[in-house]
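Novice: Fit chains B and C to the supplied structure of chain A, relying on the hints for placement.
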Amino acid sequence: MSSVPLSDSENHALEQRVGQYLKKPRRNLSLIRIRESFFFFLLIGCGLFSLLVTVSIVFVLFSETLEFFSADEVTLSNFIGSARWNPLLGETKSFGIWGLISGTLLVTGIAMSLALPLGLITAIYLSEYAPRKVRDVLKPILEILAGIPTVVYGFFALMTITPFLQWLHDGFSVYNAMSAGIAVGILCFPTVCSLAEDALRAVPQALRDGAFGLGGTKFDATIKVIVPAALSGIVSAFLLAIARAIGETMIVALAAGSRPQATIDPREQIQTMTGFMVQMSGGDVSNFGTEYYSMYAVAFTLFLITLTLTMIGNLVRRKFRESYE
Amino acid sequence: MSDSASNDTLTSQESPSPAERATLVGGRRRMSTDRWFQRLCIATAAASVMVLVFLLASILVEGIPALTSTLVLGTPEPNPDEAGMWPAITGTLWVCSLCALISLPLGIGTAVLLEEFKPRSKFALRAYQLIQLNISNLAGVPSVVYGILGLTAFVSMFSLFDQVREPGAAAYEIGATYYDQFSNLASDPFLSMGSEEVAERYFFVPVNARTDAPTIPKPGMQALEYVDNVLVPVEVTVTDPFDAPAEPEALSYAIDINAVPGRISEKNWYYFRLPFGRGVLAGALTLMLVILPVVIISAQEALRAVPSSLRDGALGIGATPWQVVWNVTLPASIPGIMTGSILAMSRAIGETAPILIIAGIVYIRNSPHHLMDSYTVMPLQIYNWTSRPQEEFHQIAAGGIILLLAILMTFNAVAVLIRHRMHKQQV
Amino acid sequence: MSIVSRDRKVQVMNNTGEPIPSESANAAPGQKPEVALHLDNLSAWYGDFQALHSITLDIPKNQVTAFIGPSGCGKSTLLRWFNRMNDTIFSARATGTLRMGDQDLLSSRTDVVDLRRRVGIVFQKPNPFPKSIFENVAFGPRLHMKLNRSELNDLVEWALRKASVWQEVKDRLHSPAVGLSGGQQQRLCIARAIAVGPEMLLMDEPCSALDPASTLAIENLMDELRSQYTIVIVTHNMQQAARSSDRTLFFFEGRLIEAGDTELIFTKPTQKQTEDYVRGRFG
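Chains as they are written, first to last, in the working numbering: chain A, 48 to 372; chain B, -18 to 408; chain C, 7 to 289.
So that you can see chain A by itself, here it is in the shape it has in the complex (with noise of 0.2 Å):
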């Protein structure tokens, strides 16, 4: 192996050329380190400017929020008080924020009763029951589903779930909150099956195997031990998905409607935050009175709201993690 087919003079010339080569002066380290350092620099400016993203959000939706209750014919009291959300008709105008959350509240609740339990339960088909070859087949569907574009949805839902609804009721209007978030949650459901499906998944397979030698058939083992041990990033699951029709915005501007009121009333056309900041974009309101700061304002509500489950559903998760790492 070692004896090497090479003529020993052979050897020794190639063995003094190298020895040379090794001796020649090397690369600059100074100038390596300066390129180091421009990269490294360079990076960090990469780093910090997902940074700055955060603190222009914030400073743009504070400052101009700022702008918007600086105005006389708003108030605070009116704005966190009220229900009424009028910003456009002149005398009566009316800034209550709860006119736009109940409406978004609504179609949230439409849509997460039903992505959440049957995002749930697929998920739990998907890690616990799906033979392989149906997994081969879901999952790709799923992520076909969750590659749709909102506009297709919202498509969907005004040519085909509403007229599926006023064929079964006659008092569902063309708009109305019910076919918005019946797509909404279609949208959401790919979300919360893959972030259940990823936590059911992360818990030890030894857990699985106890309950099983207990004697407990698949279902007892699923409701009773892997459901709970993975109860957390469930959680984290259904609060991020909650965060995501909350802030859905093309569905709803094309079904739900543009009539601001606070009702529970499903058939009704309602306005949501999101909604509304498309109309106020759309429309040809003047880039400067109280009702395009409005936009702002509602903004910076959407953006703490759906901020607070984001941060709550990230840290959720990530304590789920480290329990399992």
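Watch out, some of these pointers could steer you wrong.
[What the hints assert, rightly or not] As a list, the in silico EDC-like pairs of lysine to aspartate or glutamate whose alpha-carbon atoms are at most 20 Å apart: (1) A:K71 x C:D229; (2) C:K152 x A:E62; (3) A:K70 x C:D229; (4) C:K67 x C:E174; (5) C:K152 x A:D245; (6) A:K70 x C:D117.
[To be verified] From the derived model, a few chain C residues whose C-beta atoms are all more than 10 Å from chain B: (7) N89; (8) N133; (9) H150; (10) V175; (11) R198; (12) N243; (13) Q277.
Just so you know, the hints here were simulated from the structure itself, not pulled from any lab data. Cβ atoms here follow ideal geometry from the backbone N, Cα and C, with glycine treated the same way.
Specialist: Leaving out everything else, chains B and C in the frame of chain A:
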């Protein structure tokens, strides 16, 4: 009835103790719950497939008749039969390529920082944790909020250029030439009555700046005219309409001495302005904000998948951290990064809300020609058509959705293919 | 157990690390071997866990030194301080003296890039880069030197010959390195380390992932390389330490228990723990 009968037989034949009986019955009930739950699971899974099928079917049924060459190559006309989405397609191409150009280096750079340049001090560790937490929170911010941010930060640039009060005007710009546009006397309804054979012509007089006073027509002034889409000098005469020449030939070169011109601009491909206004660049930057967290998180996952033994190997022969990244980790994680980036880009293509916020619903008939040009994108055009009351527009909206989904499916297929090949290589 | 006895200059120390006069009959009288690395009172931590307790020893030049001991005894940690590979671990720190010549290796001013060029390392699992065989070996030289194409070719050939893998790969230099067998990959990794002209080679259990034939090839290779390089090998395999090293150091729970001539360590250990370990009573 039958339950009690079976209980009776059990009792008479083997007479098990009550405790035994309870476990047996309980066991049977548990088995059947298990079966029922499994059926429920399958029904739910089947329902999700059904929803997808139903969704695609309803769109296909409505949209396939609308899939014509007009839809692809036409412009968004008010008449649904002639309407198309070519400007939206090119707009999507512009905005999304620009967005990729900006967000991929930024996102991959952040991921490299977090994964490859591990903190060496307590302070750095805290900073890294903050950035990481911040990124996962940014991923949960609704895209419509990014739209609001883009509106303030890019479109109007925090109103830093406050001297601009007219909407759409720029404080600083390069690459634009301004002209005052005059028409010949043929367009004067009073004069052209008798001479219908005189065609309307337009003459352009260059001005130095957008804010210059309107040009006052003077005899012998320099004017230009479009001939085959190129501006060429032309001789014009300036006359009082009351003693205008009668012959059509002279009339066609004549400008009213009291005419007030319209100010138009000719913008080069490198036209640039501050603030950005509702242009392609502002749209791309806003979309960049939306997909940046997605790019970062997926690139981080791809980098984490590179075995640390490769890093050790390179460090062990004296590579600097950047040399390790550039020569070893990045090349090894390219397929994963590409998969993530493609999926992020398909998200950008389908994203509607932030674009709607910053661009508004505008009527765009031309493809963008420079970074500040107004634009529309495919999902926005679809939204526009869907929100109209006429059934015909809904059909072309469905056609547009099919086009959009086809593009997204292609992207996804490429991503899946790369992932598949990657798995093959690893095995 | 076959104990190899070779003609070697050795320096035996007692368990506190103080050099004691060599008992080896073969040692040239009055001639001390040159010292490659000098450690004095070196302690190392991972966070709050102290992995090494006041290690004092000298690594002699151009010899093979083997670190043995049960898992978790700190031998790999110590090895990875020799070229500061531990810098990649956030919580790792060390105190005491670690010198190479007159260079303080633990100083924050030490250029780890140059240090790692001078002190090459081979890991437990072969880790060729997902590039061609040629590019694997040329990787280091490209980073450190300015060479033209033919010089680079020479260097790659030389390093592969040194690592006794040239004959097997010379016809497929440009095919992927991951296609080689485990033993070939490990020798390629040695060639990769040699190609930057190090003075010292650290081997962290280089054969634990290899079959016996490949292990033998690596051991033969170490035997050939010892004349030019100072080699430190960490191993679990006592036969390997006995076969291929000049000196053996036994570690236990972060402490250096015994150091000395390989032959003596395996035949006449002075410490009870060493004896138990080399007799296979624990570990």
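Novice: Any hints from earlier that this structure breaks? Give me their numbers in increasing order, please.
Specialist: Result: hints 1, 3, 4, 5, 7, 8, 9 and 11 break, sorted rising.
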